[in-house]
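Make a model of the complete structure from these sequences and hints.
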Amino acid sequence: MIHTRGLTRVFKVKKQSVEAVRGLDLDVEAGQLVAFLGPNGAGKSTTLRMLTTLLPPTSGQAMVAGRDVARDPAGVRARIGYVGQQNGAGENFRVRDELVTQGRCYGLTVRQANARADELLDLLDLKPLAKRLPGTLSGGQRRRLDIALGLIHRPDLLFLDEPSTGLDPKSRADIWRHILRLREAYGTTLVLTTHYLEEADSMAERVVIIDNGRIIADGTAEQLKNDLAGDHISITTTTEQDAARAVALAGGTAEGTTVRVKVPNAAAALPDHLRTLDGSGIKVATAETIRPTLDDVFLTLTGRSLTDDDIPA
Amino acid sequence: MMTFLRDTRTVFSREFAPARRDPTGLLFEMGQPLLFLFLFGSLLDGAVGSSWQWFVPGILVMMCLTGPMGAGYTLLVELIGGSMERLLVTPLNRTAMLVGRTLKDMLVLLTQTVLIILLALPLGFQLYPVGILLAVAQLVVFGVGLGALSFVLAIKSAPGGTLFYIVSQSILFPLLLLSGVLLPLDTAPGWLRVAGQVNPVTYIVDAQRALFAGDLVNPSVLYGTAAACGVAALGLYLGNRAMRRGV
Chain A
1 MIHTRGLTRV FKVKKQSVEA VRGLDLDVEA GQLVAFLGPN GAGKSTTLRM LTTLLPPTSG
61 QAMVAGRDVA RDPAGVRARI GYVGQQNGAG ENFRVRDELV TQGRCYGLTV RQANARADEL
121 LDLLDLKPLA KRLPGTLSGG QRRRLDIALG LIHRPDLLFL DEPSTGLDPK SRADIWRHIL
181 RLREAYGTTL VLTTHYLEEA DSMAERVVII DNGRIIADGT AEQLKNDLAG DHISITTTTE
241 QDAARAVALA GGTAEGTTVR VKVPNAAAAL PDHLRTLDGS GIKVATAETI RPTLDDVFLT
301 LTGRSLTDDD IPA
Chain B
1 MMTFLRDTRT VFSREFAPAR RDPTGLLFEM GQPLLFLFLF GSLLDGAVGS SWQWFVPGIL
61 VMMCLTGPMG AGYTLLVELI GGSMERLLVT PLNRTAMLVG RTLKDMLVLL TQTVLIILLA
121 LPLGFQLYPV GILLAVAQLV VFGVGLGALS FVLAIKSAPG GTLFYIVSQS ILFPLLLLSG
181 VLLPLDTAPG WLRVAGQVNP VTYIVDAQRA LFAGDLVNPS VLYGTAAACG VAALGLYLGN
241 RAMRRGV
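Sequence lines, in order, name chains A and B.
Position 307 of the first sequence, counting from 1, maps to 307 under the UniProt record's numbering, and the rest follow consecutively.
Position 228 of the second sequence, counting from 1, maps to 228 under the UniProt record's numbering, and the rest follow consecutively.
Don't take every hint at face value.
Stated by the list, open to error - Stretch-level coverage of chain A by chain B, calculated; a stretch enters the list once three of its residues show a Cβ under 8 Å from a Cβ in chain B:
| id | segment |
| --- | --- |
| 1 | 48-56 |
| 2 | 89-97 |
| 3 | 105-115 |
What the hints assert, rightly or not - List time: in silico DSBU-like cross-link candidates among lysine-lysine, alpha-carbon distance up to 30 Å:
| id | chain 1 | residue 1 | chain 2 | residue 2 |
| --- | --- | --- | --- | --- |
| 4 | B | K156 | A | K14 |
| 5 | A | K170 | A | K127 |
| 6 | A | K127 | B | K156 |
| 7 | B | K156 | A | K131 |
| 8 | A | K131 | A | K170 |
To be verified - Chain A side only, calculated, beta carbon under 8 Å to chain B, not exhaustive:
| id | residue |
| --- | --- |
| 9 | A74 |
| 10 | R77 |
| 11 | A78 |
| 12 | Y82 |
| 13 | G84 |
| 14 | Q86 |
| 15 | T101 |
| 16 | Q102 |
| 17 | L149 |
Note that these hints are calculated values from the structure, not bench results.
The model shown is predicted, which means the values in this text are computed figures rather than measured ones.
Ideal Cβ placement from N, Cα and C applies to all residues, glycine included.
Dropping the structure here:
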């Protein structure tokens with residue numbers, strides 16, 4: 001569905017060249033749900049804007065839905081849907097009017113566009129809002145409208161730029177319910193960007209971690225966490241001496257009375273680990289297994305946390 | 001070509017729908033030039049020969065300048081808000097996007113023209129229908145070009161928008177004053193007349209006056225048409241290029 005080779009975008013800012021995306025090689029097969037994860041300014045949105053023909057690549061190639069973004073942008077546009085970071089509906093236009101316009105933009109007849117608009121109003125629970133102006137909708141409602149606009153022509157491939165940013169937890173869950181239902185019903189390929197770790201972790205089948213314009217990791221959330229961060233057992237002892245002895249005996253690092261040990265499968269390793277310590281007379285006060293998060297993955301790869309907002313220029 | 005026409009219609013219908021649903025603003029807009037006409041026109045009476053014949057085309061050119069420039073403002077709002085981006089990802093024809101937007105303003109201009117003429121007729125305005133039709137056609141071409149140029153300016157000034165106000169405000173009045181729309185440039189000092197001669201609006205104004213006077217073969221008609229077509233071609237070219245380069 002998507003194949004890029006050496007995709008690069010350079011911005012000129014005050015006579016300086018800034019490489020926002022550097023030689024991206026990416027293949028996404030039909031039906032996948034891929035999340036681009038990375039800090040602000042990592043190049044996620046720029047990548048998406050190139051793939052959706054909004055921004056011409058500086059160099060490199062990108063085939064999207066079988067068309068070349070540089071040579072046949074119109075062909076790409078006809079085959080993809082896009083839900084941008086901002087609101088897709090214009091402020092002066094009624095909800096339903098915008099949906100009909102959108103249908104007409106994709107070449108539907110007036111009748112088809114009207115029918116499809118009603119269908120989507122129904123599908124995304126927007127029916128009571130049909131005659132409202134977008135400004136009067138709640139954040140979650142606006143986002144549903146944005147998604148409806150992106151789906152008007154039943155695209156096989158839908159891009160979503162930060163679909164749940166700025167929404168309250170309930171609206172976020174609601175948006176995801178719609179996205180996943182859509183996928184189940186039509187097998188739509190979904191490519192989205194997010195900076196919410198949990199979201200990428202729980203929703204996406206494939207996580208592409210982007211930092212500084214490059215892909216630094218690519219795989220399922222499980223793979224990435226197992227390969228790049230791994231499980232930990234964390235115990236606390238009653239004395240610091242015991243903590244030091246525990247490290248000498250079973251490895252890991254101690255911090256005060258807390259000892260962390262990296263193991264392949266924490267839940268399976270914990271009983272044995274405790275027996276070993278107990279056998280040597282080390283008193284363990286608390287014990288827990290720690291599953292890594294994608295943030296740990298990012299930390300391993302870059303030495304920075306994804307939750308830190310300062311990005312190196 | 002079919003796609004272009006269909007897409008132009010789509011964009012036009014979108015732009016026009018809010019006005020159709022609530023025409024108050026549109027009615028005010030349409031009535032606005034009448035104010036100018038009566039406040040200035042009466043002042044000018046006798047000063048420049050048959051003042052109505054001279055002043056009506058001037059008012060129309062003025063409306064043709066302000067309308068499309070205002071269109072850039074609504075576009076700027078859409079650029080900042082994200083709805084423009086959404087439309088740019090659709091296969092909508094790019095030129096249609098530029099033309100369709102301005103057509104709404106041109107429809108307003110058309111209504112204004114009819115209104116002004118109806119009101120000026122009893123005041124001694126002489127009607128040359130063919131000339132007026134040609135004049136309006138010329139203004140539509142000119143307006144489409146101006147609309148496209150204001151679109152480019154809006155793209156260049158996003159996301160802040162300050163540039164848009166600075167440029168459009170500082171361009172509008174010199175263009176108007178140096179075109180002889182409000183006052184004739186005949187008695188102006190030499191440098192001012194030179195400035196008027198490099199102003200494309202001057203040629204449009206001259207052509208409009210000739211056409212409104214029924215003087216279809218006046219050479220100024222040719223110059224005016226060339227100026228209108230030139231502005232339209234430049235606007236559409238730059239507008240398309242701006243969209244291709246990414247917003």
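Each hint, compared with the structure:
Under a criterion of three residues with beta carbons nearer than 8 Å to beta carbons of chain B, the stated coverage of the segment 48-56 of chain A is upheld, 6 such residues being counted. For a cut-off of 8 Å, the count of residues in the segment 89-97 of chain A with a CB near a CB of chain B stands at 7, and the three-residue condition holds. Residue count for the segment 105-115 of chain A with a Cβ under 8 Å from a Cβ of chain B: 3. That meets the three needed, and the coverage hint holds. Between B:K156 and A:K14 the CA atoms are separated by roughly 15 Å; this keeps the pair inside 30 Å, and the hint holds.
Taking the CA atoms of A:K170 and A:K127, the gap is near 20 Å; set against the 30 Å cutoff, the hint holds. Of the pairs offered as hints, the one joining A:K127 and B:K156 is violated, with about 37 Å between alpha carbons and a cut-off of 30 Å exceeded. The hinted pair formed by B:K156 and A:K131 fails the criterion: a straight-line CA distance of about 33 Å is larger than 30 Å. For the given pair, A:K131 sits about 24 Å from A:K170 by alpha-carbon distance, which is consistent with the 30 Å threshold.
For the restraint placing A:A74 at the interface with chain B, the shortest Cβ-Cβ distance is roughly 5 Å, inside the 8 Å limit, so the hint holds. Checking A:R77 against chain B: minimum C-beta separation of about 4 Å stays under 8 Å; hint holds. The beta carbon of A:A78 is positioned within 8 Å of a beta carbon in chain B (closest approach about 5 Å), and the interface hint is therefore held. A hinted interface residue such as A:Y82 counts as satisfied when its beta carbon comes closer than 8 Å to some beta carbon of chain B; here the least separation is about 4 Å, so the hint holds.
Checking A:G84 against chain B: minimum C-beta separation of about 5 Å stays under 8 Å; hint holds. At about 3 Å, the closest approach between the beta carbon of A:Q86 and any beta carbon in chain B falls short of 8 Å, and the interface hint on this residue holds. Interface restraint check for A:T101: the shortest CB-CB distance to chain B comes to about 4 Å, inside 8 Å, so the restraint holds. Interface restraint check for A:Q102: the shortest CB-CB distance to chain B comes to about 7 Å, inside 8 Å, so the restraint holds.
With its C-beta approaching chain B no nearer than about 6 Å, A:L149 sits inside the 8 Å limit, and its interface hint holds.
Checked against the numbered hints above, the structure violates hints 6 and 7; every other hint is satisfied.
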